[in-house]
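Visitor: Based on the hints, put chain B in the right spot on chain A.
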Amino acid sequence: MTSANNTQVAPPAGRSRKRLRMQTKRVLWAWGFLALPIIFYSWIRFYPTLDAFWLSFTDWDLLSEPNFIGLDNYRHLFNDPQFWQVFKNTFTYLLVGTPLSLFFAFIIAYFLDRVRFMQGFIRALYFLPFLTTASAMAWVWRWFYQPVPIGIINGFLSDFGIAQQPFIRSVDQALPSVLATAIWAGIGFQIVIFMAGLRAIPQTYYEAARIDGLGEMAILRKITLPLLKPTTVFLVVFSSIGFLRIFDQVYNITTNDPGGPLNSTKPLVLMIYQSAFSSYQMGYAAAQTVVLFTILLVVSLMQLWVMRER
Amino acid sequence: MSTTISEGLMQAKAHPGRIITWAVLLIGGLIMITPILFMFGTSFKDASQVYDMRLFPEYPTLDNYIQVLSDGRFLRWFGNSLGIATTVTLSNVFFDSLVGYTLAKFDFRGRYLIFLAILSTLMIPTEMLVIPWYLMASKLGWIDTYWGVMFPGMMTAFGTFLMKQFFETVPNDFLEAARIDGLNEFQIWWKIALPLVTPALSALAIFTFLGNWTAFFWPLIVTTSQEFYTLPVGLTSFAIEQSIQWEKIMTGAALATIPTLLVFLVLQRFIVRGIMLAGLKG
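Note that the protein sequences, when read in sequence, are chains A and B.
In this note's numbering, each residue's number is its place in the first sequence (first place is 1) plus 8.
In this note's numbering, each residue's number is its place in the second sequence (first place is 1) plus 206.
Quick caveat, the hints were computed from the structure, so don't treat them as lab data.
C-beta atoms are modelled at their ideal positions from N, C-alpha and C, and glycine is treated no differently.
Watch out, some of these pointers could steer you wrong.
Over the 10 Å line for every Cβ pair with chain A, so calculated as not near, a few chain B residues [said to hold, decoys possible]:
| hint | residue |
| --- | --- |
| 1 | Thr248 |
| 2 | Leu281 |
| 3 | Tyr318 |
| 4 | Glu333 |
| 5 | Gly347 |
| 6 | Asp350 |
| 7 | Thr351 |
| 8 | Trp353 |
| 9 | Asp387 |
| 10 | Thr404 |
| 11 | Ser408 |
| 12 | Ala411 |
| 13 | Ala445 |
| 14 | Ala460 |
| 15 | Phe476 |
Derived coverage of chain B by chain A (criterion: at least 3 residues anywhere in the stretch with Cβ under 8 Å from a Cβ of chain A; other residues may be distant) [to be verified]:
| hint | region |
| --- | --- |
| 16 | 232 to 245 |
| 17 | 252 to 264 |
| 18 | 298 to 311 |
| 19 | 434 to 444 |
Heads up, simulated DSSO-like pairs for lysine-lysine below, C-alpha to C-alpha not over 27 Å straight-line [said to hold, decoys possible]:
| hint | chain 1 | residue 1 | chain 2 | residue 2 |
| --- | --- | --- | --- | --- |
| 20 | B | Lys311 | A | Lys33 |
| 21 | A | Lys26 | B | Lys345 |
| 22 | B | Lys397 | A | Lys33 |
| 23 | B | Lys311 | A | Lys26 |
| 24 | B | Lys311 | B | Lys397 |
Just chain A, with the same shape it has in the complex (with noise of 0.2 Å):
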């Protein structure tokens, strides 16, 4: 064995050292394919971020150096009954249109899941609204919420001989009435989303169930609703932050008054645009990103934690 190792010895050491010269190659190969991604990832987003929280602690106002002001930039936020309207707002939009527009989301793709008789067109019909461009539907439901005899929702209730309704011209339907409008633009996704998820689960595990005797209901609960978890769970993160991010409706429906009537409708990102944009108070508006970035943190922290308990 020995000797015959020996003999054998000279071939592969030879070859070690052509393969470890290939190796090499490879890692330069890598090296430069990842060079231009390294300059591009650093500065077009980690020194950009690293900006964001160096002028969150200063008076930048685009025209004068930034000085350092330490955390006055945080302390003016949090004294800023403004940003406390705003973080109710940014808030009722999350709580309240994740949870709707996903409930609404399960249901349709649950019971369309089960049709067979043009399913395709069905889903279409509800997914064609994900592909409509915000800032453009929002002027249509604008035009759909005007009072009569230009909207149509008023028309359709005064046909009815229900009493007119002001929408985004309250304080309190205006919130509602823009929401509306991004769970209408974004079920679509959750449906297809959802859709995929129950046809991943595989067919046996109802046929079992059903040997058991086991009713629909309980099917739903047991087999459907545990199954779908890992869906379920991408979808709310998923739509928490789109709903934390929301801007293109809002800023749209209220172009007279941003944010408005009375920054009713105003969320954190609406807040953050017109801080650095209209008042070019840059330092304070870094400060408000930063309170963002460090909600959507937390929103994506407790996704890992979920996930992680499974």
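Guide: Then chain B, alone, in the frame of chain A:
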């Protein structure tokens, strides 16, 4: 025997229920597209018919389209959006898949660190970066340029992650065989690996294109002159200017929506499958 009978009975009993479910789903779907239908319907109405609540007008007219398109701004914005979305999509398809491939199929020190670094950028919302980007763009003269609109999205962590997931399913034997055939690493990626992940590539392309076609926040910030507006930003400024001429606004909105609807009608299966694919892997 008894189970088959009861099953048959259950199905027969469920039948009317199924028809009702089907009808409710269909009506719900039709309600979902009502805003889109009204938008198109009104774009064919003249000013005197706007308050007529009928979906489609008695005397449809193309006047709105002629007027809205006549000053050429919409065509310009349309071209801007098309060029920007196409360029960004090509860049993402190229770079995200190249990086995803490198992270999936090469073995080198620091690979995991780079993967984590790129992935961590998913945690950073665009809104946090716009202020530094704006500063960067104004220092470098990128305000009111196409590059200014495009540069933040040229590569994305989402695309990289998606492509890495798919490249991991490509068997190493294929790549090794190509290596023995004397292809260099770039050729192996371009000619062997890339064609094997086309479903993922098309999903990425669709997502990126759609995202950039409808993007509003950053283009609104980085463009100040109408020449460089994208379609959504242009539409907003147009709609504000039209004030209460809803038929004109609806025509503008319809013009912004038509391209995505056409693409959807042609690529429906593809788009839905792509979204399912990315949603399940993501």
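Visitor: State for each hint whether it applies.
Guide: Quick rundown of the hints versus the structure:
1. Thr248: violated, 8 Å
2. Leu281: For Leu281/B, whose nearest Cβ neighbour in chain A is about 16 Å away, the distance exceeds 10 Å, so it holds.
3. Tyr318: holds, 13 Å
4. Glu333: violated, 5 Å
5. Gly347: Holds, since 16 Å exceeds 10 Å.
6. Asp350: holds, 14 Å
7. Thr351: holds, 16 Å
8. Trp353: The claim stands: Trp353/B keeps its Cβ more than 10 Å from every Cβ of chain A (closest is about 12 Å).
9. Asp387: holds, 14 Å
10. Thr404: holds, 19 Å
11. Ser408: holds, 16 Å
12. Ala411: holds, 15 Å
13. Ala445: violated, 5 Å
14. Ala460: violated, 8 Å
15. Phe476: holds, 13 Å
16. 232 to 245: Answer holds; 10 residues pass the 8 Å Cβ test.
17. 252 to 264: Per the Cβ count (3), the hint holds.
18. 298 to 311: Since three or more residues must qualify, the claim that chain A covers the region 298 to 311 of chain B holds, with 5 doing so at under 8 Å.
19. 434 to 444: holds (count 5)
20. Lys311/B / Lys33/A: holds, 14 Å
21. Lys26/A / Lys345/B: violated, 50 Å
22. Lys397/B / Lys33/A: Roughly 19 Å separates the two Cα atoms, so the pair holds.
23. Lys311/B / Lys26/A: Judged against 27 Å, a Cα distance of about 20 Å means the pair holds.
24. Lys311/B / Lys397/B: The hint holds at about 15 Å.
Of the numbered hints stated above, those contradicted by the structure are hints 1, 4, 13, 14, 21, listed in ascending order.
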